[in-house]
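Novice: Here is how the chains run, residue by residue.
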Amino acid sequence: QKEVEQNSGPLSVPEGAIASLNCTYSDRVSQSFFWYRQYSGKSPELIMSIYSNGDKEDGRFTAQLNKASQYVSLLIRDSQPSDSATYLCAVSGGGYNKLIFGAGTRLAVHP
Amino acid sequence: GAVVSQHPSRVICKSGTSVKIECRSLDFQATTMFWYRQFPKQSLMLMATSNEGSKATYEQGVEKDKFLINHASLTLSTLTVTSAHPEDSSFYICSARDQAGTSGSTDTQYFGPGTRLTVL
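Going down the list, the protein sequences come from chains A and B.
Taking our numbering, the leading residue of the first sequence gets 1, the next gets one more, and so forth.
Taking our numbering, the leading residue of the second sequence gets 1, the next gets one more, and so forth.
Please keep in mind that the hints were generated in silico from the structure rather than gathered at the bench.
Watch out, some of these pointers could steer you wrong.
[To be verified] Okay, derived cross-link-like pairs now, DSS-like style, lysine-lysine, Cα gap no bigger than 25 Å in a straight line: (1) A:K98 x B:K55; (2) A:K98 x B:K14; (3) B:K41 x B:K55; (4) B:K55 x A:K42; (5) A:K98 x B:K20.
The structure displayed is predicted, hence computed values, not measured ones.
With the hints as extra help, turn the sequences into a complete structure.
Specialist: Structure representation (structure tokens):
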């Protein structure tokens, strides 16, 4: 059973702080890793994709991947109340590159 | 780029009727699309993988005769909920896989805005 684990939260951070979201996965052969943001009542929106070990930065977001530890994280710098959402970690696995989703971490950024 | 549309966004129907939901990739071709269902406060649940020109692959526990999937072109997949019942009320979301990386990110799934189905 391929699994993706996330802390459900809520993770509460003050405005302007760094939010750190973590994810572990069980399938060692996974190749592609994604972070999606989902606002309540809306569909997921792609934030970041990462394929190789190390860091990948895009604006206020940094994804980090460590395949040896089977660990992927998302850092959000200068957190804003508008960042409050559920963040889904997804790992490609199975035929047709199905995504295996974690249950999501709810982030709450308070003013 | 990488826009996926879904229609309708919201539908209310009577028990026993069938409902068709369309999913379109607007600016890239998608040989593979995926259909998910999400109940309130729960995570996404993959229902099936839709493959252009071939039969869909259903996840365990999903009735293929109840949830009919047709992927007739590289930009369109449809999900038909047949003989819908109140327990089928849910948020149905499709995603399309950009295999070629037209959007700039290879093998990435982009989600449609979802269809909220309410069966009375």
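Novice: The structure should be examined with respect to each hint, and the outcome stated for every one.
Specialist: Here's how the hints hold up against the structure:
no.	hint	result
1	A:K98 x B:K55	holds (16 Å)
2	A:K98 x B:K14	violated (33 Å)
3	B:K41 x B:K55	violated (31 Å)
4	B:K55 x A:K42	violated (29 Å)
5	A:K98 x B:K20	holds (23 Å)
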